[in-house]
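J.: Sequence:
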Amino acid sequence: MVFFSKLFGSNKENNTKVVEPVEYKGFLIYQDSLAENGQYRIAGKITKEIEGELKEHRFIRSDVVSGKGDADDLMLKKAQMFIDQMGDGIFG
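Okay, so the sequence shown: first residue is 1 according to UniProt numbering, each after it adds one.
Hints listed in this document are in silico derivations from the structure and should not be mistaken for laboratory results. Every value quoted in this text rests on a predicted model; they were computed, and no experiment measured them. Don't take each hint at face value.
Once the Cα atoms are required to be at most 27 Å apart in a straight line, the calculated BS3-like pairs of lysine-lysine come out as [unchecked claim]:
#, residue 1, residue 2
1, K68, K45
2, K25, K78
3, K55, K45
4, K68, K17
5, K78, K48
6, K78, K55
7, K77, K17
8, K78, K17
9, K17, K55
10, K45, K77
11, K25, K48
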């Protein structure tokens, strides 16, 4: 029964997760750490609208930490540092 629920979708719950962005210097940072072997890998995306087009840079870091909150906090700090260093060049 579980196989069919996964194959065709289950009406019991919607597993779509919503990640709220953090605005930083005109960029939107989406913290989206990945669960991996009981730890969390730092991951997410940075977006910005440039000349009417939404640009996106997605990244997954090699860093892993024990908690999701810690991974999301670290991702935010790394993304902010990346933005400070690269600016709009992130998308180039």
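J.: If a hint holds in the structure, say so; if it doesn't, say that too.
T.: We went through each hint and held it up to the structure:
1. K68 with K45: holds (16 Å)
2. K25 with K78: Distance of about 14 Å is within 27 Å: holds.
3. K55 with K45: holds (10 Å)
4. K68 with K17: Given pair K68, K17 holds - Cα atoms ~14 Å apart, limit 27 Å.
5. K78 with K48: holds (17 Å)
6. K78 with K55: Holds, at roughly 19 Å.
7. K77 with K17: Since the Cα atoms of K77 and K17 sit roughly 22 Å apart, the hinted pair holds (cutoff 27 Å).
8. K78 with K17: holds (22 Å)
9. K17 with K55: holds (21 Å)
10. K45 with K77: At roughly 13 Å apart (the allowed maximum being 27 Å), K77 and K45 satisfy the hint.
11. K25 with K48: Holds: K25 and K48 sit about 10 Å apart, inside 27 Å.
In the structure shown, no violation is registered for any of the earlier numbered hints.
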